[in-house]
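Each protein sequence line maps, in turn, to chains P and Y. Using numbering that gives the first Met the number 0, read the first sequence as starting at 0 and increasing by one per residue. Using numbering that gives the first Met the number 0, read the second sequence as starting at 0 and increasing by one per residue.
Bear in mind the hints are in silico, worked out from the structure with no lab data behind them. Treat the hints with care, as some may be off.
Calculated cross-link-like contacts (lysine-lysine; reagent style DSBU-like; alpha-carbon spacing at most 35 Å) [claimed, not checked]:
| hint | chain 1 | residue 1 | chain 2 | residue 2 |
| --- | --- | --- | --- | --- |
| 1 | Y | 50 | P | 120 |
| 2 | P | 120 | P | 50 |
| 3 | P | 50 | Y | 120 |
| 4 | P | 180 | Y | 120 |
| 5 | P | 50 | Y | 50 |
| 6 | P | 180 | Y | 180 |
| 7 | P | 180 | P | 120 |
| 8 | Y | 180 | Y | 120 |
| 9 | Y | 50 | Y | 120 |
| 10 | Y | 50 | P | 180 |
| 11 | P | 50 | Y | 180 |
There are 2 protein chains.
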Amino acid sequence: MARWEPDARGRLMSAAMELFADAGFEQTTVVDIAERAGVTERTFFRYFADKREVLFDSSNELQTVVVDAVTSAPATMAPVDVVVGAFESAAVLLDNRRDYASQRAATIAANPGLQERDLLKLASLGAAAAAALRARGVTEPAASLSAETSVTVFRVGFERWVSTSSGDLARCIRETLDELKALTALP
Amino acid sequence: MARWEPDARGRLMSAAMELFADAGFEQTTVVDIAERAGVTERTFFRYFADKREVLFDSSNELQTVVVDAVTSAPATMAPVDVVVGAFESAAVLLDNRRDYASQRAATIAANPGLQERDLLKLASLGAAAAAALRARGVTEPAASLSAETSVTVFRVGFERWVSTSSGDLARCIRETLDELKALTALP
Numbered sequence: 000m001a002r003w004e005p006d007a008r009g010r011l012m013s014a015a016m017e018l019f020a021d022a023g024f025e026q027t028t029v030v031d032i033a034e035r036a037g038v039t040e041r042t043f044f045r046y047f048a049d050k051r052e053v054l055f056d057s058s059n060e061l062q063t064v065v066v067d068a069v070t071s072a073p074a075t076m077a078p079v080d081v082v083v084g085a086f087e088s089a090a091v092l093l094d095n096r097r098d099y100a101s102q103r104a105a106t107i108a109a110n111p112g113l114q115e116r117d118l119l120k121l122a123s124l125g126a127a128a129a130a131a132l133r134a135r136g137v138t139e140p141a142a143s144l145s146a147e148t149s150v151t152v153f154r155v156g157f158e159r160w161v162s163t164s165s166g167d168l169a170r171c172i173r174e175t176l177d178e179l180k181a182l183t184a185l186p
Numbered sequence: 000m001a002r003w004e005p006d007a008r009g010r011l012m013s014a015a016m017e018l019f020a021d022a023g024f025e026q027t028t029v030v031d032i033a034e035r036a037g038v039t040e041r042t043f044f045r046y047f048a049d050k051r052e053v054l055f056d057s058s059n060e061l062q063t064v065v066v067d068a069v070t071s072a073p074a075t076m077a078p079v080d081v082v083v084g085a086f087e088s089a090a091v092l093l094d095n096r097r098d099y100a101s102q103r104a105a106t107i108a109a110n111p112g113l114q115e116r117d118l119l120k121l122a123s124l125g126a127a128a129a130a131a132l133r134a135r136g137v138t139e140p141a142a143s144l145s146a147e148t149s150v151t152v153f154r155v156g157f158e159r160w161v162s163t164s165s166g167d168l169a170r171c172i173r174e175t176l177d178e179l180k181a182l183t184a185l186p
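One chain only, chain P, in its complex shape (with noise of 0.2 Å):
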């Protein structure tokens, strides 16, 4: 019997990083979460394959904001641009999920396993930009070293953001590529 449940998702997201917070990710199951939500069990699975992906969901969402922008950045922009510019639009979405976020970076630093998750995460987020710049007409290797020296500004902007009180994450992310921009300036 279905029950009406107003934004179940997000619960279960909030309840998770408490839970992963307190007890620590490995400790905490699945029907833990459900409880704290106030779901049942098969709620959760209704939204998430596992509590892993309570914390990856976002990593696909992200994917998916960041392509949508290169391939729909001004074909004038040069690629790097384009990447960067494709994380700004895609930090607004995150801007309003800081404590989440704080709360993810904490969960994944404190387990390795959730570290290589990211990182490979991370890489398919890079070589997904990568494609997008190549049916842009960008050629390799511009568009790999586009792609993923975008994707580590934005991943050190990110850490940024998390460990900073204030300020934007399009901000941090910016500033980290202007930084990078006076570290590899020629000659």
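Assemble the complex: chain P is given as a structure, and chain Y must be docked to it using the hints.
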């Protein structure tokens, strides 16, 4: 009874690469590798923990060489040049092993589990290079940005070297860095 086995390690690596290419990584056993190299299984385990380590032993070696080169670079060098320069010194080591490197790349490309392992090794290399930069007094985020961007330059340059039949690896890395500098040129 120990026998004298000239370059058992090198022969095990060549034997493994041939078998991975012919029969596939999954289908090849340690017994097969030892047999083809003309050594005992016990000798195999004196050099490698398992068949996967035949592929990733060189990643550990690369990391040691790169970290040493970062540590001993002239104090006045800019961080990106320090790390890319470290990869260039390591490149000399790899130039003699082009066949191995290209067979290794093909084996990894054919196996998603090995691709993940390779990505994690590259991430670990980036983290180690960033730590070596911080030990030189480079602050964050410059240390991580420089190290991770340099790993991207190395990865893309390495891929170019493996997929072309001529040229040395150091030159491929230097050309890739020049390309990145052009892509991120101010403003």
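Hint check:
Note on residue 50 of chain Y and residue 120 of chain P: the hinted pairing holds, with a Cα-Cα distance of about 26 Å set against a maximum of 35 Å. Restraint check for residue 120 of chain P and residue 50 of chain P: the C-alpha separation of about 16 Å stays at or below 35 Å, so the hint holds. Taken as a hint, the residue 50 of chain P and residue 120 of chain Y pair is honoured in the structure, with Cα atoms around 26 Å apart against an allowance of 35 Å. Restraint check: the Cα-Cα separation between residue 180 of chain P and residue 120 of chain Y comes to about 26 Å, which is no more than 35 Å; the hinted pair holds.
With a CA separation close to 32 Å, the supplied pair residue 50 of chain P and residue 50 of chain Y stays within the 35 Å bound. Our distance criterion of 35 Å between C-alpha atoms is met by residue 180 of chain P and residue 180 of chain Y, whose separation comes to about 8 Å. With a C-alpha separation of about 25 Å, the suggested pair residue 180 of chain P and residue 120 of chain P falls inside the 35 Å cut-off, and the hint holds. Distance restraint check for residue 180 of chain Y and residue 120 of chain Y: the Cα-Cα separation of roughly 25 Å lies within the 35 Å cut-off, and the hinted pair is therefore satisfied.
As the CA atoms of residue 50 of chain Y and residue 120 of chain Y are separated by approximately 16 Å, the hinted pair is consistent with the 35 Å bound. Among the hinted pairs, residue 50 of chain Y with residue 180 of chain P is inconsistent with the structure: their alpha-carbon atoms are about 42 Å apart, more than 35 Å. Distance hint between residue 50 of chain P and residue 180 of chain Y is unfulfilled; the C-alpha atoms sit about 42 Å from each other, more than 35 Å.
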